[in-house]
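Protein chains: 2
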Amino acid sequence: MAIAQPAASTDPAPNPSPGEIVAAAPREAWVAIAASDMLVMDLAPDAAGKPRRVVIQLMPAQFSAGWVSNIRKLAAANWWDGTAIVRVQDNYVVQWGDPDGEDEAKAKPLPDGIAQIPESDYLTVRDREATTWLPAANGSYAPHHGMMAGWPIAWNADHAWPVHCYGMVGVGRNLSPDTGSGAELYTVIGHAPRHLDRNIALVGRVIDGIEHLSSLPRGTGPLGFYEAAEDRTVIRAVRLATDLPPAEQPRFEYLDSKSESFARYADARANRRDAFFNIPAGGADICNIPVTIRKITQ
Amino acid sequence: MAIAQPAASTDPAPNPSPGEIVAAAPREAWVAIAASDMLVMDLAPDAAGKPRRVVIQLMPAQFSAGWVSNIRKLAAANWWDGTAIVRVQDNYVVQWGDPDGEDEAKAKPLPDGIAQIPESDYLTVRDREATTWLPAANGSYAPHHGMMAGWPIAWNADHAWPVHCYGMVGVGRNLSPDTGSGAELYTVIGHAPRHLDRNIALVGRVIDGIEHLSSLPRGTGPLGFYEAAEDRTVIRAVRLATDLPPAEQPRFEYLDSKSESFARYADARANRRDAFFNIPAGGADICNIPVTIRKITQ
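Protein chains in written order, with this note's numbering: chain A, 1 to 298; chain B, 299 to 596.
Derived by calculation from the structure, the hints in this document are not laboratory data.
We put the CB at the ideal spot given by N, CA and C, even for glycine.
Keep in mind that the hints are not guaranteed to be accurate.
One side of the interface only, derived from the structure: several residues of chain A facing chain B at Cβ under 10 Å [what the hints assert, rightly or not]:
| no. | residue |
| --- | --- |
| 1 | Ala44 |
| 2 | Ala47 |
| 3 | Pro51 |
| 4 | Val88 |
| 5 | Asn91 |
| 6 | Asn199 |
| 7 | Arg218 |
| 8 | Thr242 |
| 9 | Pro245 |
| 10 | Ile279 |
For reference, chain A alone in the conformation it holds in the complex (with noise of 0.2 Å):
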């Protein structure tokens, strides 16, 4: 989820940087995200009474679509509302949910028509068709790794499934693996814990003001929880996009993962040969081609 670096010349250079690769990409190659597949969280001011906008774009169809549509009924019943960042730990996960979603004569009551999803919506049937195969991409993780629809995957010969990279949001659960709802939600701000794929629903990805969660101090508890109230921060509002007046609806694209310019990318990300680079990697970790996204600014 890089968002673009502005490169210092859109001419063509002989070995160009990923940024500039980007940066040149023909206007056709790059993909509005609709206002319905985004939801804005807004985090209470910081200490300097700055506002703090966290924009999450929802995964399609194609993946995790049980936990989406919970997560689109949660927010159109203002459900996060009051709710907190519960949980910060370091080269790990921010969290965030009701502070009380433990303890079932507090807990917040979920709205009707919350689904239970089960295990086996964790994979999805692999789409060949839909799948662009990143030759770079290779890890210890999955036989293979590619881009659908503008989103980082894995897939072996029987199913595909989102990956953990950094940005990515999934739902937290309990032992077993039907008990997420997506009301308590996390993403990731470390290294690719990778083992977590396939063992929890990814449902997202932050698109924008992630530092506004990677900057958070560190819970001191277990697991990076906050130990006392007062450390969480409160989140004022989560709304699906088209839930705001028009003029405050968030508008980002992502470079189309089937373009050329995509696959330029990829490649100068896996074998970086501009200026600074002595020694191309020869290979890239998925997590290391982020799917460039922007504001649309037109």
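The hints should help you fit chain B onto chain A, whose structure is shown.
Here is chain B on its own, set in the frame of chain A:
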């Protein structure tokens, strides 16, 4: 660089978690880190007046010896005192040194004896005997990954090199690969930027207090540099631990990467079978098998 998590029990469980394996490791599997290999960096206290101490373990003589030697001289000369954290780029690095380092007229002079280190020193001749191969830790960036004397490394037929995992500390430089002295340092605070391997010197890792760096506000200038001097965090002092009074010297130990406990820990990181997990990954990125480091308490 995982600080050991408290484990629920040290009884052998049928499918122990990585933390349980570490907690059950015998006394002799732990290796004390020499005080002469630790740098202590004290930042200015935080807004609440709390001290912020970061401890860095320097790499052993097998790797990056020229830069590490420079760093020892810089610390002995109190060179970093009054310098600052100048850059915090989300999902990438925190960087510190002389804010005026790029301005020849204003740059702080380096102490005598700082050597220029050649590009060839990014690589070392492979020492097969000293290496613990981790079969689980394959990846995109090198044919082999493993541990040497407690450090994550990669190697090919000719050379070995340390890898850019979370918390590793490296030497900032300009375009020419021999321009890094060790005065400007950075640590990784995001997904391992492995494309930097063999292109920048790694000299150590943060073993305590990384949260004082990783939770700093992100810089708003290009590449995450702070735009205003007052946004920077001042470095009060950096000392080699042996230059501190004995009672103030940090004491840490790491789990011997050649121990049976480490082998079991690495296997459990690659194949989580403890209660929460349903599908073991079947492998692990080298940076997802962090060397376990803990405070010596007795």
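Structure-based check of all given hints:
{"no.": "1", "hint": "Ala44", "in the structure": "violated (16 Å)"}
{"no.": "2", "hint": "Ala47", "in the structure": "holds (7 Å)"}
{"no.": "3", "hint": "Pro51", "in the structure": "violated (15 Å)"}
{"no.": "4", "hint": "Val88", "in the structure": "holds (8 Å)"}
{"no.": "5", "hint": "Asn91", "in the structure": "holds (5 Å)"}
{"no.": "6", "hint": "Asn199", "in the structure": "holds (5 Å)"}
{"no.": "7", "hint": "Arg218", "in the structure": "holds (4 Å)"}
{"no.": "8", "hint": "Thr242", "in the structure": "violated (28 Å)"}
{"no.": "9", "hint": "Pro245", "in the structure": "violated (27 Å)"}
{"no.": "10", "hint": "Ile279", "in the structure": "holds (4 Å)"}
This entry does not satisfy hints 1, 3, 8 and 9, going by the numbered hints stated previously.
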